[in-house]
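Asks: Listed in order, the protein sequences are those of chains G and U.
Going by this note's numbering, the first residue of the first sequence is number 4, and it counts up by one from there.
Going by this note's numbering, the first residue of the second sequence is number 4, and it counts up by one from there.
Be careful, since some hints might not be right.
Heads up, the list lumps identical chains together, so a pair's fine if it works in one copy or across two of them.
As the list claims (entries may be wrong) - Straight-line Cα separation of at most 25 Å, SDA-like style, residue types lysine to any residue; simulated pairs:
| no. | residue 1 | residue 2 |
| --- | --- | --- |
| 1 | Lys308 | Thr285 |
| 2 | Lys153 | Pro50 |
| 3 | Lys112 | Phe12 |
| 4 | Lys275 | Ala124 |
| 5 | Lys112 | Thr16 |
| 6 | Lys230 | Thr241 |
| 7 | Lys112 | Asp9 |
| 8 | Lys153 | Arg51 |
No lab work stands behind these hints, which were simulated from the structure alone.
Protein chains: 2
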Amino acid sequence: MPDDPDESFVIDTLLAARPPDAAPVIRSGVAGIPRFAPGDDAAMVGPRTAVTVDTMVEGIHWDGRSTPEDIGWKIVAVNASDINAMGGTPTWAVLAIALPSPLDRPWVKAFSRGLGLALEAFGISLAGGDTTRSVSGRTLSLTLAGEVEKAVGRHRARPGQTIWVSGPLGGAAAGFLDKTPIPSALLALRRPHPPMGLGKMLAACGHVSAMMDLSDGLAKDLPRLCKASQVGASIDPTALPPHPAVLGRADALAMMTSFGEEYGLLFTADAKADKEIISICTAFNCRPSPIGVTDNNTATGARLKGTPWPRPLFSHFGDPS
Amino acid sequence: MPDDPDESFVIDTLLAARPPDAAPVIRSGVAGIPRFAPGDDAAMVGPRTAVTVDTMVEGIHWDGRSTPEDIGWKIVAVNASDINAMGGTPTWAVLAIALPSPLDRPWVKAFSRGLGLALEAFGISLAGGDTTRSVSGRTLSLTLAGEVEKAVGRHRARPGQTIWVSGPLGGAAAGFLDKTPIPSALLALRRPHPPMGLGKMLAACGHVSAMMDLSDGLAKDLPRLCKASQVGASIDPTALPPHPAVLGRADALAMMTSFGEEYGLLFTADAKADKEIISICTAFNCRPSPIGVTDNNTATGARLKGTPWPRPLFSHFGDPS
Numbered sequence: 004m005p006d007d008p009d010e011s012f013v014i015d016t017l018l019a020a021r022p023p024d025a026a027p028v029i030r031s032g033v034a035g036i037p038r039f040a041p042g043d044d045a046a047m048v049g050p051r052t053a054v055t056v057d058t059m060v061e062g063i064h065w066d067g068r069s070t071p072e073d074i075g076w077k078i079v080a081v082n083a084s085d086i087n088a089m090g091g092t093p094t095w096a097v098l099a100i101a102l103p104s105p106l107d108r109p110w111v112k113a114f115s116r117g118l119g120l121a122l123e124a125f126g127i128s129l130a131g132g133d134t135t136r137s138v139s140g141r142t143l144s145l146t147l148a149g150e151v152e153k154a155v156g157r158h159r160a161r162p163g164q165t166i167w168v169s170g171p172l173g174g175a176a177a178g179f180l181d182k183t184p185i186p187s188a189l190l191a192l193r194r195p196h197p198p199m200g201l202g203k204m205l206a207a208c209g210h211v212s213a214m215m216d217l218s219d220g221l222a223k224d225l226p227r228l229c230k231a232s233q234v235g236a237s238i239d240p241t242a243l244p245p246h247p248a249v250l251g252r253a254d255a256l257a258m259m260t261s262f263g264e265e266y267g268l269l270f271t272a273d274a275k276a277d278k279e280i281i282s283i284c285t286a287f288n289c290r291p292s293p294i295g296v297t298d299n300n301t302a303t304g305a306r307l308k309g310t311p312w313p314r315p316l317f318s319h320f321g322d323p324s
Numbered sequence: 004m005p006d007d008p009d010e011s012f013v014i015d016t017l018l019a020a021r022p023p024d025a026a027p028v029i030r031s032g033v034a035g036i037p038r039f040a041p042g043d044d045a046a047m048v049g050p051r052t053a054v055t056v057d058t059m060v061e062g063i064h065w066d067g068r069s070t071p072e073d074i075g076w077k078i079v080a081v082n083a084s085d086i087n088a089m090g091g092t093p094t095w096a097v098l099a100i101a102l103p104s105p106l107d108r109p110w111v112k113a114f115s116r117g118l119g120l121a122l123e124a125f126g127i128s129l130a131g132g133d134t135t136r137s138v139s140g141r142t143l144s145l146t147l148a149g150e151v152e153k154a155v156g157r158h159r160a161r162p163g164q165t166i167w168v169s170g171p172l173g174g175a176a177a178g179f180l181d182k183t184p185i186p187s188a189l190l191a192l193r194r195p196h197p198p199m200g201l202g203k204m205l206a207a208c209g210h211v212s213a214m215m216d217l218s219d220g221l222a223k224d225l226p227r228l229c230k231a232s233q234v235g236a237s238i239d240p241t242a243l244p245p246h247p248a249v250l251g252r253a254d255a256l257a258m259m260t261s262f263g264e265e266y267g268l269l270f271t272a273d274a275k276a277d278k279e280i281i282s283i284c285t286a287f288n289c290r291p292s293p294i295g296v297t298d299n300n301t302a303t304g305a306r307l308k309g310t311p312w313p314r315p316l317f318s319h320f321g322d323p324s
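For reference, chain G alone in the conformation it holds in the complex (with noise of 0.2 Å):
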């Protein structure tokens, strides 16, 4: 559920399009497959197999101030974010690489360290891909599958339930936007480590309702889980974490909700659960905050109490989602 109207035609042209389940595997249903809506942040292909699809476009997605490493990491790491925000564990990925002529080759050595890094801190096997000449500017697009066990998409919140995140936010908005950011928050932006492991875990304890990450900033996620579970929710600004760089500024709030390139979790659960909530994010190294509560409130859908949602800071048609 895309806010941007061009995202939004495109997507819905090619579901217009496209013939109703057509592959065997899908129309015979035998497999028991779940069923999820389009806009979750990745696709149930089989009864526990996920896959998600991300493309990076450089002057689009990074500048000069990412290193190929960096890109190289980061095209992993936010598909590895949509395979655990499904409550999923990576398995295997493709990668197509489109790339300017003449080749620069140091790019590609240190893009693939990059890669290969990410590839082994996440589990995952580079199983094939395309290699192709660019017209100009280099263009990433990583598919990664991923074994779920049990899926949580985004459209099983209830009203009345806990609405969290797993940490804090606004580090890759500082390291983004900020001129001198702090080494954290650099990180943040350009090494993002999603709290691998944890989706699953938080999938299995069974009172986890709705999931996502935070890749386009709670502005504009949290109204797409509202939408998708049709319930309200009301945050409480005060209860968002702040990144270290983002702590005490007058523009915290904005550079916690209205960036985004945040991989980790945002999700519901029952208020009984809260203290094994806490505890499952515990041992995953994550300190987790209850930041608000579903509502029936369909009508104003998702609202900050007290104040609006700040403007974004940034936006690119077709965020990574």
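Model the placement of chain U on the given structure of chain G, informed by the hints.
Replies: Here is chain U on its own, set in the frame of chain G:
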């Protein structure tokens, strides 16, 4: 085994940087995943699951003579061909699409129509995707999975086997290079229709040792098969089946061998199986041609009898493979 030094560099560098057998599904080995050489049309990611990805870049892989419908059709067809060439049946796909701003909505609509037609024709479910903005030009990557009961790669051809192509050659070359191509040549270029199902039947018959599609043309693709299988090959140029568009022309040999974009199958089979091969192909409305034999002459590799391979008529770094 690409012959472009740039493409080789990218692939070798990526392969060198990836961690060995990182994913549990691969590492465990319990599933008995067949091992295939890099360079096969698709990668096996499970005991019965193959996956491939192909990218199409505007200005590299297509120009103004292809309609948006053609592009939508073709990005599916070229990937379906890879799955077919492994002996598989396509199942699900995810699409990554990067489009320049402002969005050309009629283009998106027409592209989606072509895509939908091909998805339906080949029985593929579009499971998900990613839309993003590009700086300039359109870039499309489709990742396609397939179900493979018996996979056939490129590395098991043996000396003394018959080399086959499943249909006429040179159509796409004429469609692209001729000033006023005949309609069937334009169709071969713009709406390729791989013989879906044929790859699976050839794999199942038990006589086919190596198989691939001819997306880069016989002059590039046959040497890859020979190198992977460590065999030589002797091709009779008079046995190559010409597409009607190149029949009797002086440049027919080059058009048939040195352009590509052919989505028929190239395969090797025991000589004793000739009749069975013809019978299987005929059932798929294909007229197969035995074009030569494999031999022990690995030093000289794949040769045309009595003439050198014509020079490539067109090349872009990183042709779909």
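Asks: Does each hint fit the structure? Answer for all of them.
Replies: Evaluated hints:
{"no.": "1", "hint": "Lys308 x Thr285", "in the structure": "neither (27 Å within a copy, 70 Å between copies)"}
{"no.": "2", "hint": "Lys153 x Pro50", "in the structure": "both (9 Å within a copy, 22 Å between copies)"}
{"no.": "3", "hint": "Lys112 x Phe12", "in the structure": "between (37 Å within a copy, 9 Å between copies)"}
{"no.": "4", "hint": "Lys275 x Ala124", "in the structure": "neither (34 Å within a copy, 50 Å between copies)"}
{"no.": "5", "hint": "Lys112 x Thr16", "in the structure": "between (38 Å within a copy, 6 Å between copies)"}
{"no.": "6", "hint": "Lys230 x Thr241", "in the structure": "within (24 Å within a copy, 65 Å between copies)"}
{"no.": "7", "hint": "Lys112 x Asp9", "in the structure": "between (35 Å within a copy, 12 Å between copies)"}
{"no.": "8", "hint": "Lys153 x Arg51", "in the structure": "both (8 Å within a copy, 22 Å between copies)"}
Checked against the numbered hints listed earlier, the structure breaks hints 1, 4; every other hint is satisfied.
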